[in-house]
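**Student:** In case you want the letters, here they are:
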Amino acid sequence: MKIIACIKQVPDSEAKVKAEGGQISWGDAPLVINPFDEYAVEGALQQKEATNGTVTAICIGPETAKEALKHALAMGADEAILISDSALNNLDTVGAAKVLASAIQKIGADMVIFGRQTLDNGAGITPAQTARLTGYPMLGLAGSIKVNERSVTVERALEEGKQIVKANLPVVISVVQSIGEPRYPSFMGIRKASKAEIPVWSLSDLGISAPTEIIKRDELMTPPARETVVEIITGESPAEIAEKLADKIIAEKVL
Amino acid sequence: MKTLVYIDHFKGAVQPSSWEALGVAKKFGDVSAIVIGENANDLAKSIFEYGADEVFVADDSALKDYQAETYASTLSTFASTLNPNLILFPTTARTRELSAMVAVDLNTNVMTDLTALEANGDSFVATRPIYESKLFEKVSCSGKPVIATLRGRAFPKPEIQAGKSGTITKVEAKGEAKSTVEGYSTSESAVNLGDAGIIVSGGRGVSNNPALTPPAGLDEKQAEIWRAQQGFALVTDLAKVLGGAVGASRAAVDAGYIPYSHQVGQTGKVVAPDLYIANGISGAIQHLVGMRNAKVIVAINKDADAPIFKAARYGVVGDLFVILPALTEAFKKKLGK
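Heads up: the sequence lines are chains A and B, in that order.
Sequential numbering from 0 applies to the first sequence in numbering that gives the first Met the number 0.
Sequential numbering from 0 applies to the second sequence in numbering that gives the first Met the number 0.
Be a bit skeptical, because a hint or two may be false.
[As the list claims (entries may be wrong)] Each computed EDC-like pair below joins lysine to aspartate or glutamate, with the alpha-carbon atoms no more than 16 Å apart:
#1 K137/B x E239/A
#2 K301/B x D318/B
#3 K165/A x D318/B
#4 K177/B x D109/A
#5 K137/B x D119/A
#6 K333/B x D77/A
#7 K47/A x D77/A
[Stated by the list, open to error] Per the computed footprint, the stretches of chain A lying under chain B, defined by three or more beta-carbons under 8 Å from a beta-carbon of chain B, are:
#8 16-29
#9 70-79
#10 116-130
#11 137-150
Hints listed in this document are in silico derivations from the structure and should not be mistaken for laboratory results.
For glycine and all other residues, C-beta sits at the position ideal for the given N, C-alpha and C.
With the rest of the complex left out, here is chain B (with noise of 0.2 Å):
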């Protein structure tokens, strides 16, 4: 069997689900990798090393920023010489409208965000999650090439073979750009709540701190924004600390806390992180469906009803404020940072 795993990145930076979607490519044959973008020929030998028996490259100035229709018509058309039973991708926002399209040039569908795919004579039987992870789902493909996404961390990431190389080959640009990158906002901190291991989160309690004084001439906004950065900060601190990104409850997101792409739950990002530390998160059913599979969950509240109890393993009653320094203090002890 025959798979084509498309190497997502972003300038150059590689979603570190793509080398998941390797290992998993590994299981089922021969393993074609293909990257796209301008200077993506320098990503070559990782994608050797972490698995590919072969790397295709579109290489190409037109292909500068990633765009939707150029980098579909520049994948399909190549994924239809290639003939692979699978094309494989990490599930990221831009591959959940590549693998789309190409699945619509390719005529046929794409089974996303799975958390388990086995092969099943020459087809394959996948698993993924629905109502927001109430359920799940097994489906199957019945188009030609059967086109899933992986969720990130679902699987595991295999093994860097050092010094593994092999064929590349470049593959030509196609399609006309449908709309122009204008540029970038680097005003907002780049965020990737769904590859990370650890996060710590912060609801709309990081901004009642009653020991803190806001600098003078703040209008009652303004006080509560600059009170919530300052616990927001706590929370920073702990996750720097741990390795782990932060989070946020929609709540913290509304009141204008911090910035729309740490959102977790419902509206925002659904994560599965290994550990979720939530600090003054009530726990709404939106927060939760978006955290709830995290490996191990603790909430910090004072709020000893607060619903955010029932889906942890450990909770401390308290005062955030003093709870947390103290946290993150004992990690640089205790993991000697």
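Only chain A is shown next, with the shape it has when bound in the complex (with noise of 0.2 Å):
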């Protein structure tokens, strides 16, 4: 089976995210593989292990997004390929579908797993949207996935509850974190995947010319900083701090 995971670059999850002068900074943050695409790859991977297939992991970004990449390699991917077009500066959820699908369609297969959103801009509707270009279904917030020959069964986390769904490949799916705990990378893998020659695709290679941009930023703000000065509440027993407490959380009409 033919499984292509798809993975985004973005600031390390620690890093203080700052508004300046209209763009984003994150200081001297390392940029990584996006968290939530880390799940991706492991899903990936345990569908090449049932299957005896392999796994390409695909990324649109900067060249610096190659360690992205890289990560994904050291995991255990096969292979690795990078978008990069400088006409892709300003991509929105839906561009990002249309680069992707294409890269799909080129690459060919059976299974296209993403996670389920990035960090940085946390939309959550570009499985879905690429899923309804290629015409694949979407499986989405899959948090089991099992494949029998042509068909796939995913179990989906909704807000109610599990719902569990089958559908015949070529399937689009999204992942959350009961997929399993990414695996590290092993000493081999960060070796191959040191030494691997990632090809970059640019949107001449795709054959298509770059998506408009549809949603626009017009403004960035930072949040206001909150006044969070922490009241501790002590007494002689349990039940007096009880007491206290409850009477703090009423006084803030919360209830």
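Reassemble the complex: the two chains are provided individually, in unrelated frames, and hints are given to aid placement.
**Tutor:** As structure tokens, this is what we get:
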């Protein structure tokens, strides 16, 4: 089975992200593979093992995004492709989906796996838009994936509980954390990844023009700093502490 | 201006943020609402009472279970004939994919998880959190119609206008199902943290009650889970008295104490309740990004240096196994329960 894992590179979640002069700055924090996409790579590798398949990791981004792809290779992906083009600076979600859909069609896939969302934009809609554009069934928020010949069954995590859904390959899947803890890159994997030549595809390699940006950012804002001076409640007994705390909470009028 | 509001529901139970979307739509002019699913007709009365001027219903046995492709095709086909300026959705697991697909069909895009939305001439300016709410951005959509999903509890719920009614129009089911729903797993209790006004959460600390003796015959891991279940029972007791939902830290979920659907934080659910009570949660950044926008945060932890206290309004440094039941009792008394 041919599996594609779609990943993105984002600033590390520990980064102190700020708005500076209308631009986003994350200081000297490292850029890493989107943490949600590590689950996508993990899910892809599980399916590779279950079906004796191959995993191709793809990523849209600048040259530096090759590091995120190397992480996927080190985890065990067979190959990686970077999609990079100076015309892709202002991509919105549907724009990214258009680029990914054409790359997926060029590579050919039985299963395309995404993380549930990115840490930066956080919209979580690119997987479904990619599914719509490729015409593949969308199996979103999967916590487990089982392939049986040409059919695939996933357990989806909805607000109301789990839904079990079945479709025929090829499919687009987004995964949640229950898929399993992402494996650590092995020593051999890291060595292989460090030597890997990662091909770079431009828009002309995909035979498409740059998608129009439909959702535009007009302004960037830092959320107002919150005064969070903690008031520690003390007392002679647990009952007294509880009594005082309950009164404080009731006075906040949040019940 | 004309707005189409998508009413999201699960087997007839409407996601309350759908009502909030009706309230937002009302600010902009005429409100049409659409609801899809078998027996969806039964929901029309409430939809009028929450402010819709007209209700469109795709009530068809082919739409019995939510299924992204058929729901999206039904909605897109209808929207292209209604031709609204704006389509609003509450933000849920279903509407993220549904709005995404409708946007592809109508050659536009979606502004997701908005915390504010204002009209600007014949367009809209939206505010949404990015980078795990470390920043906010104002965005606009040049596509037509403008499509947006609204963050739950970010907008006021409209007053019910009892007895208000209007015309109900039937909409045809469209599209071909690309997947089949095999069933639902009921082993896990339903939890909707996004809509909860009060969340009482437990972390790894809930399994450390030294006063408990696990039943004989359990191995070490089973004994730990047994202890954690006793701890989460205390968390659940308080949640029940306050009418809130039960949350958990990733550490508690990873340790197998409670299902993933309860997880608050980066890889779980981002929540903004009025009250968040964190019990035995140290407060890793991945947890804090998921709950720091709660109005009032209370932390109970035995470690005075736990980072959770930096995010909290009120804190108790102490043994949660003693404090938590006492707090439940105090609220029972004060709230007359």
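**Student:** Of all the hints given earlier, name the ones this structure violates by number, lowest first.
**Tutor:** Going through the list in order, the structure violates hints 1, 3, 6, 9 and respects the others.
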